[in-house]
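Trainee: Below, each chain spelled out in residue letters.
Protein chains: 2
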Amino acid sequence: MAVVEGGFKALDEKSLIEYIRTTPVLSSLLGNDPEDLTIKEVGDGNLNFVYIVTSPSGGSFVIKQAVPYIRCIGESWPMTKERAYYEALTLKEHGRLCPAHVPEVYHFDRPLSLIAMCYLKPPHIILRKGLIVGIEYPLLAEHLSEYMARTLFFTSLLYHSTTDHKREVAEYCGNVDLCRLTEQVVFSDPYKVSQYNHWTSPYLDDDAEAIREDDELKVEVAGLKSMFCERAQALIHGDLHTGSIMVTTESTQVIDPEFAFYGPMGFDIGALLGNLILAFFSQDGHAGNEIDRDAYKQWILKTIEDIWNFFYRKFISFWNEHKNGKGEAYLFDIYKKPELWLLVQKKYMKDLFHDSLGFGAAKMIRRIVGVAHVEDFESITDAKRRAYCEHRALEFAKLLLKERRRFNTIEEIIVAIKESP
Amino acid sequence: MAVVEGGFKALDEKSLIEYIRTTPVLSSLLGNDPEDLTIKEVGDGNLNFVYIVTSPSGGSFVIKQAVPYIRCIGESWPMTKERAYYEALTLKEHGRLCPAHVPEVYHFDRPLSLIAMCYLKPPHIILRKGLIVGIEYPLLAEHLSEYMARTLFFTSLLYHSTTDHKREVAEYCGNVDLCRLTEQVVFSDPYKVSQYNHWTSPYLDDDAEAIREDDELKVEVAGLKSMFCERAQALIHGDLHTGSIMVTTESTQVIDPEFAFYGPMGFDIGALLGNLILAFFSQDGHAGNEIDRDAYKQWILKTIEDIWNFFYRKFISFWNEHKNGKGEAYLFDIYKKPELWLLVQKKYMKDLFHDSLGFGAAKMIRRIVGVAHVEDFESITDAKRRAYCEHRALEFAKLLLKERRRFNTIEEIIVAIKESP
Numbered sequence: 001m002a003v004v005e006g007g008f009k010a011l012d013e014k015s016l017i018e019y020i021r022t023t024p025v026l027s028s029l030l031g032n033d034p035e036d037l038t039i040k041e042v043g044d045g046n047l048n049f050v051y052i053v054t055s056p057s058g059g060s061f062v063i064k065q066a067v068p069y070i071r072c073i074g075e076s077w078p079m080t081k082e083r084a085y086y087e088a089l090t091l092k093e094h095g096r097l098c099p100a101h102v103p104e105v106y107h108f109d110r111p112l113s114l115i116a117m118c119y120l121k122p123p124h125i126i127l128r129k130g131l132i133v134g135i136e137y138p139l140l141a142e143h144l145s146e147y148m149a150r151t152l153f154f155t156s157l158l159y160h161s162t163t164d165h166k167r168e169v170a171e172y173c174g175n176v177d178l179c180r181l182t183e184q185v186v187f188s189d190p191y192k193v194s195q196y197n198h199w200t201s202p203y204l205d206d207d208a209e210a211i212r213e214d215d216e217l218k219v220e221v222a223g224l225k226s227m228f229c230e231r232a233q234a235l236i237h238g239d240l241h242t243g244s245i246m247v248t249t250e251s252t253q254v255i256d257p258e259f260a261f262y263g264p265m266g267f268d269i270g271a272l273l274g275n276l277i278l279a280f281f282s283q284d285g286h287a288g289n290e291i292d293r294d295a296y297k298q299w300i301l302k303t304i305e306d307i308w309n310f311f312y313r314k315f316i317s318f319w320n321e322h323k324n325g326k327g328e329a330y331l332f333d334i335y336k337k338p339e340l341w342l343l344v345q346k347k348y349m350k351d352l353f354h355d356s357l358g359f360g361a362a363k364m365i366r367r368i369v370g371v372a373h374v375e376d377f378e379s380i381t382d383a384k385r386r387a388y389c390e391h392r393a394l395e396f397a398k399l400l401l402k403e404r405r406r407f408n409t410i411e412e413i414i415v416a417i418k419e420s421p
Numbered sequence: 001m002a003v004v005e006g007g008f009k010a011l012d013e014k015s016l017i018e019y020i021r022t023t024p025v026l027s028s029l030l031g032n033d034p035e036d037l038t039i040k041e042v043g044d045g046n047l048n049f050v051y052i053v054t055s056p057s058g059g060s061f062v063i064k065q066a067v068p069y070i071r072c073i074g075e076s077w078p079m080t081k082e083r084a085y086y087e088a089l090t091l092k093e094h095g096r097l098c099p100a101h102v103p104e105v106y107h108f109d110r111p112l113s114l115i116a117m118c119y120l121k122p123p124h125i126i127l128r129k130g131l132i133v134g135i136e137y138p139l140l141a142e143h144l145s146e147y148m149a150r151t152l153f154f155t156s157l158l159y160h161s162t163t164d165h166k167r168e169v170a171e172y173c174g175n176v177d178l179c180r181l182t183e184q185v186v187f188s189d190p191y192k193v194s195q196y197n198h199w200t201s202p203y204l205d206d207d208a209e210a211i212r213e214d215d216e217l218k219v220e221v222a223g224l225k226s227m228f229c230e231r232a233q234a235l236i237h238g239d240l241h242t243g244s245i246m247v248t249t250e251s252t253q254v255i256d257p258e259f260a261f262y263g264p265m266g267f268d269i270g271a272l273l274g275n276l277i278l279a280f281f282s283q284d285g286h287a288g289n290e291i292d293r294d295a296y297k298q299w300i301l302k303t304i305e306d307i308w309n310f311f312y313r314k315f316i317s318f319w320n321e322h323k324n325g326k327g328e329a330y331l332f333d334i335y336k337k338p339e340l341w342l343l344v345q346k347k348y349m350k351d352l353f354h355d356s357l358g359f360g361a362a363k364m365i366r367r368i369v370g371v372a373h374v375e376d377f378e379s380i381t382d383a384k385r386r387a388y389c390e391h392r393a394l395e396f397a398k399l400l401l402k403e404r405r406r407f408n409t410i411e412e413i414i415v416a417i418k419e420s421p
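Protein chains in written order, with full-length UniProt numbering: chain A, 1 to 421; chain B, 1 to 421.
Hints are supplied without guarantee of correctness; some may be wrong.
Copies of the same chain look alike in the list, so a pair counts if it works inside one copy or between any two.
[What the hints assert, rightly or not] Simulated pairs of lysine-lysine, BS3-like, Cα-Cα distance not exceeding 27 angstroms: (1) K346 <-> K192; (2) K402 <-> K14; (3) K347 <-> K314; (4) K384 <-> K347; (5) K398 <-> K350; (6) K297 <-> K398; (7) K192 <-> K323; (8) K346 <-> K398; (9) K129 <-> K337; (10) K337 <-> K92; (11) K402 <-> K347; (12) K40 <-> K384; (13) K346 <-> K402; (14) K384 <-> K121; (15) K402 <-> K350; (16) K302 <-> K418; (17) K398 <-> K347; (18) K402 <-> K323; (19) K192 <-> K337; (20) K9 <-> K302; (21) K402 <-> K302; (22) K192 <-> K302; (23) K40 <-> K418; (24) K92 <-> K346.
Because the hints were derived from the structure by calculation, they are not lab data.
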């Protein structure tokens, strides 16, 4: 309990017990028997401390505490602990919209930047780890498309009145420090020489330099960055990669929305698709004499295809269902002629598709030549082999970023991935 | 002083004298002699009460008070008087950025929604009235391009840090009622049957119906409406038509920014260009045996051309000057190669040009078939002749809205206006 500032204390396992004892909503979850608790620190993320708390009677929850710096780097990179407020707010709002795929928040303590939420019990694991091992999740596309369709549609102007929308937009403007972090690590650092950038050297030295010298790429990235900063389209998760999703073969739970704000929908969809494409390109690094990953690669591609197509169908279906609601973006009175209604929806979804491909590609690139890499590649121990996989992913991402507007369907993307040299 | 609610009183000339007497900053402006004041109500706008206050010693100011409804319609159309807060805030901010073309605010009283500001003495008149009479303003393009370049550049992410930007965006989210009014009257009502719509009937009955039946037009309008609602690009005036500008041959002053918020820059530029194009098409209605308006039409076209070209030059020059500033949208480190720097600027300005043309066209259409018309046409007493002018303007606006992306320069627009059937 060393750090103390403005009512904030970084808890440790001992002070956490005291905190639980004096917080009725938490102690009652444990059967009011906080003496025999088991507390395990499991924060393997980059930013926060995470404790699993269980009691002999079977009660349990997770405690997540934000500290005023980035954990994996240390106090030298300060980061507002207010991110926990936006995370709790978003877990509640996205949870209200899609309770099946968002863990319940039991308690939030703003001065302590502390969230108590549902413990996702084993066999839940981080999706990224499942993808590395090669586990198929038959319901994944169904679940994630449902999560995205619900959270994005119901926080957009297709459903919100302008009044509701601007109130929420204003609230989330406060999460600016996390937005700036994304701007820096996704849209800026990979395209210039930067202290924290790294890559599989020396194999990818030329690739990294090629990124920094690719004018066409950098023009496209500027457009995406502006959209990220300026366009308040919906309440997005803001960090929807495969490390922010916990899964079993039956359950899919989206966690860690501390980067949430009103931004472009394509940033969430792209983060997910881009990280699945990274998983695809990493498979050759995990395959070997004993392990054939061909079928698994097919499953990843099918999942990518299904996620977009299911999302499309669900999103349009919500739109049709609420066409006479309080959403003012496309007044039914103006667009009710059936062929016109189809036309505006098709255009909306086409633009969203291209935004998603652009953001997805940018997310892929930053994971290979930027500050934070992905375990999909990092776990490939043979550096040369890892570099080969990363190089193919990078080339595909560059193509996608620059030529995304020539793709009309997700099936065309799947073909392009398969044909990727 | 009939209406009293929450500290608000609608002032009249008598209570205004009392208010001035008890407000030191105001009475001192008048030489502390509030006995012999002259007070004249001159509010010819749609929304507010405006008083000119002068004293024998030569002191003067304007008092503008917002009432909690739309003045020209009455208490049946309520409208938050908080608009005065955003107007005062914007006059101060735009005034700080461009003092030569924004009247100084002396005093703001939030409970009373009352602004005291510089009285723009005769021969200042509303630009729209000057355009109807046929007066040339040799400095108009220079001044308005300066105003737009300064107010838009210095409130955009080209100059702002993301932190500053989001704080300001959040503040202006509060002006949502005025944004909703624009959404309704500019982007919705003209495209459906609506209570307040009117046009020069019966001559334009078919034109109005054609607008409501034009699918391609309505798809484009939907895109512009989304951009208006979602894109926080800069602090825009929000109502920059020729009725919001006061002029002499030497002075140009922009007033009435009560619709201000963080929105797309093209909405301001388009409002101005669109209203000048309306002025152009109205000239044939003002010409007659005695009056030749050909030279004046040329002057309007030259002014349109100059406004965009001067704006372009000034905006780019601010951008270059501040390329190493706190603005994070285009980090110079990434884009410093000279040909790349030119390329991103050219793309930015091309997109802004197309946005401006789209918004300008939408503003033209709504002034002919929507609720609020412009004196440029309304002052043409012969309805058939008025309808002819309006029809040509409407046809040009439709072309512009649908085909704006095929225009690359303002000179091409001028040619298209000239060739307009």
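Trainee: For every hint, state whether the structure bears it out.
Mentor: For each hint, the structure was consulted:
1. K346 <-> K192: between (37 angstroms within a copy, 21 angstroms between copies)
2. K402 <-> K14: neither (53 angstroms within a copy, 67 angstroms between copies)
3. K347 <-> K314: This pair counts as within: shortest intra-copy Cα distance 16 angstroms, inter-copy 35 angstroms.
4. K384 <-> K347: So K384 and K347 fail the 27 angstroms test inside a copy (43 angstroms) and across (39 angstroms) alike.
5. K398 <-> K350: Both. Shortest intra-copy (20 angstroms) and inter-copy (24 angstroms) distances satisfy the 27 angstroms Cα cut-off.
6. K297 <-> K398: within (21 angstroms within a copy, 50 angstroms between copies)
7. K192 <-> K323: Answer is between: at 16 angstroms across copies they meet the 27 angstroms cutoff, but 45 angstroms inside does not.
8. K346 <-> K398: This pair counts as both: shortest intra-copy Cα distance 26 angstroms, inter-copy 22 angstroms.
9. K129 <-> K337: The answer is neither: 48 angstroms in one copy and 41 angstroms across copies each exceed 27 angstroms.
10. K337 <-> K92: Neither: 37 angstroms inside a copy, 46 angstroms across copies.
11. K402 <-> K347: both (20 angstroms within a copy, 15 angstroms between copies)
12. K40 <-> K384: For K40 and K384, neither the intra-copy (37 angstroms) nor the inter-copy (83 angstroms) Cα distance is at most 27 angstroms.
13. K346 <-> K402: both (22 angstroms within a copy, 18 angstroms between copies)
14. K384 <-> K121: neither (37 angstroms within a copy, 77 angstroms between copies)
15. K402 <-> K350: Close inside one copy (16 angstroms) and across copies (18 angstroms); limit 27 angstroms.
16. K302 <-> K418: within (12 angstroms within a copy, 55 angstroms between copies)
17. K398 <-> K347: Close inside one copy (24 angstroms) and across copies (20 angstroms); limit 27 angstroms.
18. K402 <-> K323: between (34 angstroms within a copy, 25 angstroms between copies)
19. K192 <-> K337: between (49 angstroms within a copy, 12 angstroms between copies)
20. K9 <-> K302: The answer is neither: 47 angstroms in one copy and 66 angstroms across copies each exceed 27 angstroms.
21. K402 <-> K302: Result: close within a single copy only, 24 angstroms intra versus 38 angstroms inter.
22. K192 <-> K302: neither (35 angstroms within a copy, 43 angstroms between copies)
23. K40 <-> K418: This pair counts as neither: shortest intra-copy Cα distance 43 angstroms, inter-copy 76 angstroms.
24. K92 <-> K346: neither (31 angstroms within a copy, 43 angstroms between copies)
The structure does not agree with the numbered hints 2, 4, 9, 10, 12, 14, 20, 22, 23 and 24 stated previously, though it agrees with the rest.
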